[in-house]
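Make the full structure from the sequences, and use the hints.
2 protein chains.
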Amino acid sequence: MSANSRLTIAAHALAWIGLYQRQGHEVATSEKIAASANTNPVVIRRLLGELRRAGLVESRRGAGAGWSLARELGSITLLDVYEAVEPGPLFAMHRTTPDQGCVVGHGIQPAMRGIYQDIEETLRHELARVTLEKVLRDVLAAPRQPL
Amino acid sequence: MSANSRLTIAAHALAWIGLYQRQGHEVATSEKIAASANTNPVVIRRLLGELRRAGLVESRRGAGAGWSLARELGSITLLDVYEAVEPGPLFAMHRTTPDQGCVVGHGIQPAMRGIYQDIEETLRHELARVTLEKVLRDVLAAPRQPL
DNA sequence: GCCGTCGTAACGGTAACCGTTACGACGGAT
DNA sequence: ATCCGTCGTAACGGTTACCGTTACGACGGC
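Heads up: the protein sequence lines correspond to chains A and B, in order. This note's numbering applies: residue 1 is where the first sequence begins, and numbers increase by one. This note's numbering applies: residue 1001 is where the second sequence begins, and numbers increase by one.
Keep in mind that the hints were calculated from the coordinates and are not lab data. Keep in mind that this is a model prediction, so the values were computed, not measured. Keep in mind that the hints are not guaranteed to be accurate.
Computed spacing ranges between beta-carbons, pair by pair [to be verified]: (1) B/Gly1074 - A/Asp99: 21 to 31 Å; (2) B/Arg1113 - A/Glu120: 18 to 28 Å; (3) B/Arg1053 - A/Pro41: 23 to 33 Å; (4) B/Asn1040 - A/Arg144: 29 to 39 Å; (5) A/Arg52 - B/Arg1046: 38 to 48 Å; (6) A/Arg22 - B/Leu1140: 54 to 64 Å; (7) B/Arg1124 - A/Asp99: 29 to 39 Å; (8) A/Asp99 - B/Glu1120: 26 to 36 Å; (9) B/Thr1096 - A/Arg53: 24 to 34 Å.
Note that CB positions come from ideal geometry on N, CA and C, so glycine has one too.
In structure tokens, the structure reads:
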């Protein structure tokens, strides 16, 4: 599976904004988030744009612009982020339709669809158990670098 | 997530070989399997090669060559197939290391690694619950096309 | 009107997967 | 000993997704 880092970067951005706001700041800029994640501000803006469409964050334009949470970290789960950022299903069917004249070719897609649905349901359930609040807690629990 | 069809095609091939053998045949050729899956024989040979490395199938060369199961369908699970054909982890970390001077940048990777490990463990558990015997059963249970 | 930031288009690089062609290797069948 | 069907595998091109980057208009406090 060609894994991608979209969920990781999105969680990073949300945790960063959440901590930033708890430190008393109003809005976070894509530039600062990008510096923490060591990537390009446009990458952050693109991802946060998808989170905004899902109602997880809000953005202000003009002077003093930036991003803020639309919900508390404790009410956002990894499933919310996953659904906002990962479009397709986990496993794909055949690219071309199998031979419908063959028993296996005819029955394989309904069979796999049902099996995959169950598995993805379990995955979603697991993702829903992890809040961004817990992510931030785990982040802050990481051992400090000794001098 | 850019889903791929490797697990689906591999399961298709195994179910096809299993049914073929139950019909009394010795070995299955990549050409016949490819015809059922509506793809190229080389694609099947590549995938079955990975399943052979995992000890799930065997291949014979020379005249009357082809593929056969190395284990009963009931003892092969989707997890066996998944591990044989899907190399990497489900979710990836940042492409570049985050800013270690930032609290979030420093703690995000250990945090996400732990969370992802739990989730993937659950996924593997679900995959292990489905045997290829069940896949073939579901395939054969698909409704016939009415005339 | 200025200026910082968002929003978004556009482009190139990278990587994975798939389909295809090609060809040597193997080993029963004759 | 030769033949022939199949495997095993390399090589190449096409497609797609994601990422990084540049560019530039839109917005809105000041």
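I'd like to know which numbered hints this structure contradicts. Please list them from smallest to largest. Hints 3, 4 contradicted; others consistent.
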